[in-house]
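Undergrad: Produce the entire structure from the sequences given, and follow the hints as far as they go.
So the protein lines, in turn, are chains A and B.
For the record, in the first sequence the residue sitting at position 95 is 84 according to this note's numbering, with numbers rising by one throughout.
Start counting at 1 in the second sequence, then tack on 67, and there's your number in this note's numbering.
Not one of these hints is a red herring.
Incomplete in silico selection of chain A near chain B, CB under 8 Å:
| no. | residue |
| --- | --- |
| 1 | Val34 |
| 2 | Pro61 |
| 3 | Leu226 |
| 4 | Met272 |
Think of the hints as simulated: they come from the structure by calculation, not from any bench.
All figures in this text were calculated on a predicted structure; none of them were measured in a lab.
Note that beta-carbon positions come from the ideal geometry of N, C-alpha and C, so glycine has one too.
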Amino acid sequence: MKKTSDEQLVLQLDPNAVSPKTKARLLYMRKVARPWLLNLALLIVCVVMLYPIISTTILSLKPPEEVRRKPPVFLPCDNPTQSFALGACRFSLEGYARIFLLRPDPASMFGFVVTGRLFSQYLPNTLFYATAAAIGTTLFSGMAAYVLSRYRFRGRQFFLVGILALAGVPLLTMLLALYQMNINLRRLLPGYDERWFMVIVYIGFELPFAIWVVKGFFDTIPRELEEAAKIDGCTPLGALLWIVAPLAAPGLASIFLLAYVNVWNEFIANYLLMSKATLRGAMYGVYDYIAQSLTSYNALAAACIIVMLPVIVVFLLTRNVFFRSMLEGALKG
Amino acid sequence: MTPRKVRSGNFIARLLPFWLLLPSLLIIGAIQLYPTLFSFLLSTQRVESGTGRQLFVGLANFRRLFTSSEFTQSLVHTAIFLLGYAILTMSLAFGVALLLKQRIRLTPVYITLIFVPWVISDVIAGVVWRLFVVPEYGQFSPFFANPSLFGEPNGISILTSPAHNQISPDFPFPPAPALIFLIVAAVWKILPFITLLILGALQTVPTEVQESAAIDGATGLQALRFITLPLILPMLTVALFNLILGGVNGVGMVFSLTGGGPGTSTEVLSYLLYSLGFSKLDFGLAAALSVFIAILNLGLITLTLRTSRAYEENI
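TA: Given below as structure tokens:
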């Protein structure tokens, strides 16, 4: 509890300056009323921030006739006499059923198969892109950041500032050229897999920021540890692998997670570079549902929930890791 | 062990930094540097449709861009968007950060909950907000269809109703309701991040400074205005530039929330870049626009770096 308001200081300096009644009131303000007001204010902020997500969740659980009601209601829980009655709630999984598109299949283990394109195609693609790009980003940024943190050489500062400047070039600018590059590569190389091109593009987008953040982590690890190991006969590579990397593991983990979430959430590059829908990820899947205006709103909301839920869960489980690399990176632009 | 072997060992060890740096150099070169140079080159060329041949045209693309009404319109849209976005986000984030700074038992829980919108993708956030205003069935649709607030409803949703009484087609002010709605949605998405930045800055202000101000008779508001604010001003500037940079370049939300419409009333610069380069396939013009945006961004980044360095020297 902070004690910075002037009344409280007067209290400390001269106990007789105020009447006992005022003193009691001030104490009450400090111990009881203020925390409650703060709680109330922050609770309102939280509700406002989470409202769009809550509302989408409820929409995804509405049956079709509730989705099409005019004027729209927040909760489908009213009956002719009351505006809210728990027994009258009409929730349904119809929206999710339209996304999953379960089809009975006696050959499958559960007796049915999921045929919704989001599950058979878009989410597996996203899973592949995010995993491969996050591993690549962590590995390469760790290697480069070690060099930039431990060695002094000509062009080091230029490289560090240069990659930051490149990060300022708009994504769409690069996509113009990358689009052509992909077409040329496809024409020149037989057996060329566009999906790996996508992975490399994602690593390229994540690397500059990741290098800066990981370098920041490496800079905080004292050099003496490595020097001691080198005297004991450890090679520089050994020092990186067995001394620095384990110590920087939390930082590397945060870069992995950040890259994973960024790639999971990415849409434009994936949409514009990949020529076939079969190579596109989950964000395109959701965008595609808007484009086909046939899709009902409860199904659209269900698709949103399905795609964002994994990210939200990962965030809630690892929030401190997130906050660390974010703040580290923000100061650098 | 022969002397030769020792020397070759040293050789590999000496080149180790190079091998470690090589993958990053190659990837950044291919994915970031080359495309940037390619675009800069392309901005001075005209791509012949059909043959795909590139002809050097000097600054003709830039002239064509700066005189087109699409460009002035989207520049005004971007300016309105950035102004609303920056003012709303900074003031709300500052308020929320002040609340979060008074540590109470549940503060970590609140921080986590407030932060959830930040991890959601732009596209999903756009869809979520779009569902609020879809024609007829959206929760906010009746509000936006209110004639006394937004003029005669043209269509039932702001996704289809154009702006009213604009000064001129080249200066689209006042903005369409859809642009205002886009600002609100974008603020919702970025607010957590900026709040956390400001909270971090607030926590660097030593409590002793505030206490001594209080002893000298400063009220809470005075202490905030004359002690805290000047101390965190550089950090606020960094946050502001981060905000503007994201605002200039973010396009995912425009895609899924309004698609640039109704008409062109939410076409910001980055969306114009998309529509020039990827739907109208006017590569030269798109490249010229991207050079323009890149220069804008570089200016912002330079300013960010300078202020953040000043900030680091101060603490």
